[in-house]
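Protein chains in written order, with my numbering: chain A, 3 to 494; chain B, 977 to 1208.
Some hints here could point you the wrong way.
Claimed, not checked - Distance condition first, Cα-Cα at most 25 Å in a straight line; then the derived PhoX-like pairs of lysine-lysine:
no., chain 1, residue 1, chain 2, residue 2
1, A, K72, B, K1059
2, A, K72, B, K1136
3, A, K290, A, K366
4, A, K456, A, K298
Hint data in this document are derived by calculation from the structure and do not stem from the laboratory.
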Amino acid sequence: MIAFAATLSTLALSALISNAAAASPVVAPSALTVLRPPTFSLAAFPPPDDPPPQPSNPAGSPSEPVKVRKRPFLAAAEVAALNLGVWAFVHYVGDAFYSYISMETMSENFRDGWEWDRSMYVVNFYHHPYHGYLYYSAGRANGLGYWGSCLAALGGSLMWETVMEKNRGSYNDLITTTCGGIVYGEIGHRFSGLVRRSGARGLERIWRETVGAILDPVGGLNRLLNGREDNDPSLPGCPDTGHILNGELVVTGPVVTRSGELTGTKAAPILGFTLHYGDPAGTGWAGKPFDIFRVKGRLRWGPDRPHLTLFIHGALAGKELAAPNGGSHFLGVYQHYEYYGFDTMRVCGTSFTGGWNARFIPAKNVHLTTGARLGWLGLGSSDDFLATDLERRNYNLGTGWTAAAEAGVAIGGFEYFSVCWRHYGLYDLRVTGSRPGRESWDIVLGQLEVPVWKRFGLGLTVEYCGRSYDFEDSGPGSRRLFEARAFLAWQF
Amino acid sequence: MRNETSERARKPAAGWAWTVGIAGRVAVGLTLALAAAAGPARAEGSPAKTFSLVIDAGASFVHEPGFGHGWRYGGGVVFKTAKRAAVEVLLERFEVPVDEGSGSVTAGGLGAGRMEMTSLVINHHVYILTRGAFLPFATVGVGFAFFGYAPDDPTVLPEKGIVDRFALQLGGGVDLRISRRLALTGRARYNMAKTWVEILPRTGPIRDQDPRAQDMMHLYALEVGLGIKVSF
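Using the sequences and the hints given, assemble the complete structure.
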């Protein structure tokens, strides 16, 4: 939870920083001719008749991308060192039972094969991806691209599962660590490239490097040890970094209304954000994985404990198509890591989808953005509310399909209305701790907002979560939650 | 019974102190002589050799109550990976006396005897200085610790053993360069194995034993050694 809070706050901070540091916008050279400064969240770019900004790369060579030196062996060594460091911490500080390893436990694990792990829900679906984030970061920090760093995440997870715990290797840990780590790691790498600045000195260098290190931990460590800032893959000018970021920060106050299943306090403080990297409609798409992605997250306090929600999806491949009046379409393949949490309902998963995003401009200064995605939910999980396990080690593991649709309307650079729908169809696996059956989840978020001062607005959010299930041992049923909240937001 | 054991352990300790004293004087003398011989090497700058063989010997001091100290020896290879960094793979062994009843309460304690530990260690050296004759370094490493236990009276039942472990090592040392290919190396490392006594034969996989239910021993050993390092 602390890690999530740190991630959330640093992402928000990076958004603020990148917005505030407008004097030195960081823009990929290849995208300079088409990208425009951000004005609102879902509709990421202003009307095409606005004048384009003048690029100013602080690195001093906007037209020459930084040549990145690949160091795969150093990446592998750092992945191994990460595992050993984490092991040393959990063994000598945490005294974790699973850290008592030896040559015998390793050989037993190779002999006995893999299993499905029953660690706590938050450990398996948030902490493990964070671990994978570090592996991936090691790859990126040593000049590897997306796919090379994917191998770093996979290799690090394989090493941990097979030899660094006394338990047998876990299928679900391997999947969530690798897939979640790739998503977290790539967005961390991209954001760190927005924050760091070559040539920064003094206090500016300290805060840029500190925030950059939080977002890209291994890259930060390498820079600290090497004192190296040239030829660094995290720097502006690198072909993988430098797209404009925009989004929204939201603070929610009073709950207007809620359904009976949501018990406890009537106040539900929420800190949320939406960050866009690149244009969802594909303008400036340079063809590299995660040139376009969106992070939408929130931390909700109470009533029983903090609950986090994180929706991330990034384009792995795609094609941009031009549309009339400056609009744009983007057909893409996306990678997702999603984690939805309410006090009484939780679902998460890693998935791959194909989808379409579009921006229409029906009138001057009016943007309509739409998107739809459909794909495979590789490994998903939902809370097992029928179990009475206080440690939350009971949850269903499943595979299935996922779909999403969204739309937003912005006028004059301010997003007035947005709505999104997410669907998860889960076929729960017949494995230890999981309740076999079928589930269908629908999550709808609607938002209406009006500007009150500059980029600040007041609004109302309506959230609905419905879950239908048909478990083999308990029969069909359904649960539904509904809540409406007032909020204060800042769009940038 | 306990007094007899203590008396038994005290006698070797006196001999041990004498041995350490002599060894220490020899080591200091050798160090001073080699330091004088290292003058020409000091002017040659940082050694460019990337591969080295090292052998060293010294003493181990186990901190767990009831465990004594003894000789240690080892050897390995060192691969220089960067200007300030090197990776070392080391195989070493030491043997110490064990007092009656030490080690574990729940397992009934170990009988008087000797414990040996063989370690296969991977160390990462970070050199603090990279030029000159004296090259101090810090070490962090991990390794497999294989324990052996031999009671003085092998007929005592049940048979007991010490569970092997993967352990962290921290320490440092200094290379004293004599020539471009030869250096004297002195090290001190802290080997931190957390383990427990088990009754043999084992009935199931070690993975199924819950460490939290064991009477844990901290076989943390200070290992000091002096050796030579030959670079290629």
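Verification of the supplied hints:
no.: 1; hint: A:K72 x B:K1059; in the structure: holds, 19 Å
no.: 2; hint: A:K72 x B:K1136; in the structure: violated, 51 Å
no.: 3; hint: A:K290 x A:K366; in the structure: violated, 31 Å
no.: 4; hint: A:K456 x A:K298; in the structure: holds, 23 Å
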